[in-house]
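Sequences listed follow chains A and B, in order.
In case it helps, our numbering puts the first sequence at residues 1 to 366.
In case it helps, our numbering puts the second sequence at residues 1 to 207.
It should be emphasised that the hints constitute simulated quantities derived from the structure, not laboratory data.
Wrong hints could be hidden among the right ones.
On the chain A side, residues computed to face chain B include the following (Cβ under 8 Å) [to be verified]:
| no. | residue |
| --- | --- |
| 1 | V161 |
| 2 | R194 |
| 3 | D195 |
| 4 | E197 |
| 5 | D268 |
| 6 | R288 |
| 7 | L290 |
| 8 | G291 |
Counterexamples of contact, computed for chain A against chain B with all Cβ distances above 12 Å [said to hold, decoys possible]:
| no. | residue |
| --- | --- |
| 9 | R73 |
| 10 | A192 |
| 11 | E293 |
| 12 | A356 |
| 13 | A363 |
Stretch-level coverage of chain B by chain A, calculated; a stretch enters the list once three of its residues show a Cβ under 8 Å from a Cβ in chain A [to be verified]:
| no. | segment |
| --- | --- |
| 14 | 58-64 |
| 15 | 77-91 |
All values reported here derive from a predicted model rather than from experimental measurement.
Glycine included, every Cβ here is placed at the ideal spot set by N, Cα and C.
Residue-level listing of the chains:
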Amino acid sequence: MAGLPTARSAVQVPPGVQCFVGEEARRRRAIEDVVTRVFEGWDYEEIIPPLFDYADVFASPDLFARTYSFVGRDGRVLALRPDFTSLLAKVAAGRLAHREPPIRLYYSGEVVRYEPPRAGRQSELYQMGLEHLGGRPGTADAEVLAVAAECLDAVGLPGCVLTLGHVGVFNALVAAAGLDPASVDTLRERVAARDEEGVRAALRRQDMPERAAAALLTLVTLPGDVAALDILDAAVAPFEAAARAVGELRSVLDLSAAAGLGTRLALDVGELRGLDYYTGLVFRIYARGLGSEIGGGGRYDALLARFGRPMPAVGFMIGLDRVAALLERNGSDPRPARPPAAPMGSLREARAEREAGRRVRLAVDR
Amino acid sequence: MMPTLALSKGRLLAGAADLFRRSGLAFPDQPGRKLVVECGGTRFLFVKDMDVPTYVEYGAADCGIAGRDVLLESGADVYEPVDLGFGRCRLVVARPAGLPLEARSSLRVASKYPRLAAAHFLARGVSVEVVRLSGSVELAPALGLADCIVDVVETGRTLAENGLEIAEDVAVSTARLVVNRASWHARRSEVAPLVEALARAAGAAAA
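Chain B with its partners taken away, still in its complex shape (with noise of 0.2 Å):
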């Protein structure tokens, strides 16, 4: 049965692509509406990539790629043998420009990475409500729902538009590969030629 690797369509889709062809391994052209793709002896599952690690904690994906910010956030517990080295953006705390956070009693973070952005703001013994959201975090300040935001910046276009700037880093997210235990071990003659040309190309790029 052949491996499957469970990814997102978003962000991290390009790098993904890039990659298996380095790889020397076939990829899905369009993958379109399609959920699941059978391509060059790969069985890829396209869903949210908040729910990759997911699949692949459960089984039901042998490996993915996801961001380390997902996986943070998730806590899966799950192999994460290789940093494929792309989709490299932080995860900051914003908030409006000019106000500083310091003076305050308790703070209010709007995030869609709600464990991270209490563990971050906890371990300095700050404390936060956090509030949950699942997209355009960057508008919770100016709307009053929260004070700051942790969230991820790439170009840091977003958080200029909506009069935020960096406060703190939380953490740097690159995409990395991620295994099942059971599939690492139970599976290895599936799944072990898959991570290591994987592992091998995104080698070659970093140097």
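Looking at chain A on its own, in the form it has when it is part of the complex (with noise of 0.2 Å):
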């Protein structure tokens, strides 16, 4: 093979790890205290699931096909986990089974997955986030939007955009049509893309019934502006189920908004990528000065039900790795002051400062 060197040195490291050293850890961990001690402000338990599980936990298919499997010590195939959020729910239903709902919990860590390299996205990826199970659904949903929003001032990023959509509206809407799976995936997509002429040209194939094609162009071309929710809800009006979605919307921006944080959102009811076990409010986080979403979340209420425990769930995530980029790229530092370390000349020396609390550095000359 010409070109690339095929002698692998010792340091030589797999694409789309990460190392970080001193300072840079430092930054790392300090972001992480600082969301960790919000989740625990609002009364969030930490949990510190397994690093692998049985692959079929992580069955949702959009997660399957970028998971790290490999086959385990019993015969059956385990994955690094991909996620967090598939653990959770299934110590909720199994080791928690007797714990009452609402279950709130957080996690800070890494998930693996296989990602072909696009903007902003690792193989390994930290993660920092909670889900709130079993609890009731719209005041839940509030509290985690509420949560988030702390969590981007305390790490010091008040300007962030908090998006919010519902992923019923358009699976309501596209359901009453009838449409085929690749139909509906081609679909999906365009709206996700916010291609407007795309999406018309996919309707017009599709021979859509003109009030429900009109309900989906509408996903496309609404304004960002919280007031105009009023439009979607007029165009869903004849889809029942679509409806109830855009009133469940409704319910969580209003409550939000009685708590003061309706400057800090806006609507995104084109957004439709991401997790297919979503099944109702999505929402996306934004910051000035990243080309990426920070993070993310939204409400689950079928997984649950996987593992034998049926029950809502709302939750997000906040991203470390871009958290960490952003506040590089402002130039603003996380990490906490402290002392610089003494030289000490003499064990005995370094023991008696430790002693008092102080940071030392043996350094005792060869």
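Take the two lone chains and join them into the complex the hints point to.
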């Protein structure tokens, strides 16, 4: 093979992994500390789930293709966790089966995915997130938004936008029209791309009834202001399930606005990308200065039933890598101040200083 | 901070300049060798056509103008809110005149659009080996490098000059406005006016 060196050097690293040393690591831990403290402030409990589990836990079609799997000692297929949500759902149904809802859990750690090189994505991702399981829909969603907003303030990114959508609107409209899965996929993709022309073309091919087609187009053309929800309301009025979805979205917006979050929210009803286990509200967090979202979440009412404990659920996560990149770009330093380590001439001295709680560096001449 | 728009100096440049004029927006007069030009409240980035979606996807540009052919090939995760209407061309399968492709068990296709080319044939149940080229794709069949090509055709003259004829249509391409998702939501006040002005001008032309 001409060109690339084939001899593997002893220090070669596989593509997509990251390693952080010293101050970089401190920066990341500082961000993590700030965020997890906010989680605890809202009475979420930490869960440290295993690094891997049986592969079928992560059976969402979207995840499965990107999961690193391997065969375990018992001959069953295992997978490194590509995601925390499925694991937490399993724990809530298994180990915490007797705990009364609502169950509030948070996590912070790596997930591992096979990702083709794309903007902002690595093979290893560090996620800090939470799940609110079995809580009251609407109120729980607004709570999650409030926690997210506070995390952003706490890390020094107060200007972020939280965009809200609801997968139920699109799903209800295509179900009512009885479209085949391939057509639904094309339509979903074009709506998510905000490609009005493309959506019109796809709708024409489908010969969709006019009101349904108009409603679908509204998903693409709807302005981002929260007030525009009225337009969507009117467009989906004849479609019961879609109207219900818009109603749910409205109620979360109202609850959030009443709590003072209104200015940070925007609409993105065409947001249809992402994990297919979402069943309701979906939201994304965008910051000025970063080309991709820094986090997001949504409602996933059907997931816990897969593990035998049907419960509504909502959650979100923030990507540590992205927050770190953004803070660095903004020139802001999350590390708490600390005194420099004082050089010590002997181990006895050093231990004495340590007893007093001071930082030391043993510097004995050779 | 003014919005950044990425575009190429190639095929779509004249159409882009015209669109800006029709929108009442300033456009760099003669960008010459400069790659970054600030003009009339917009920062223009002149990059290779295949790179426009990349710049926009990463947010190095808030928005960009790229052909649908390039967008389809890149698969970039960006918003595509407006079909700008100009720069229309076809992506086609072309082969040596008079030589049907059907009888082959496997096919070698040369293209600047390896993903699109592969997807086109695979979707039809035809296995292909794609030879990726950066340019002068029309030479490939005559030189024995490929059985056919997937390439852009405007007048058809280049194909004819190389003894090729169109066998199938792959896609139609026009210039598109693409926008970075985060910019759309988080830099709305900077980006929306530009997008709206261009959309209005494009819509007026289409009418």
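What hint numbers does the structure not satisfy?
10 and 11
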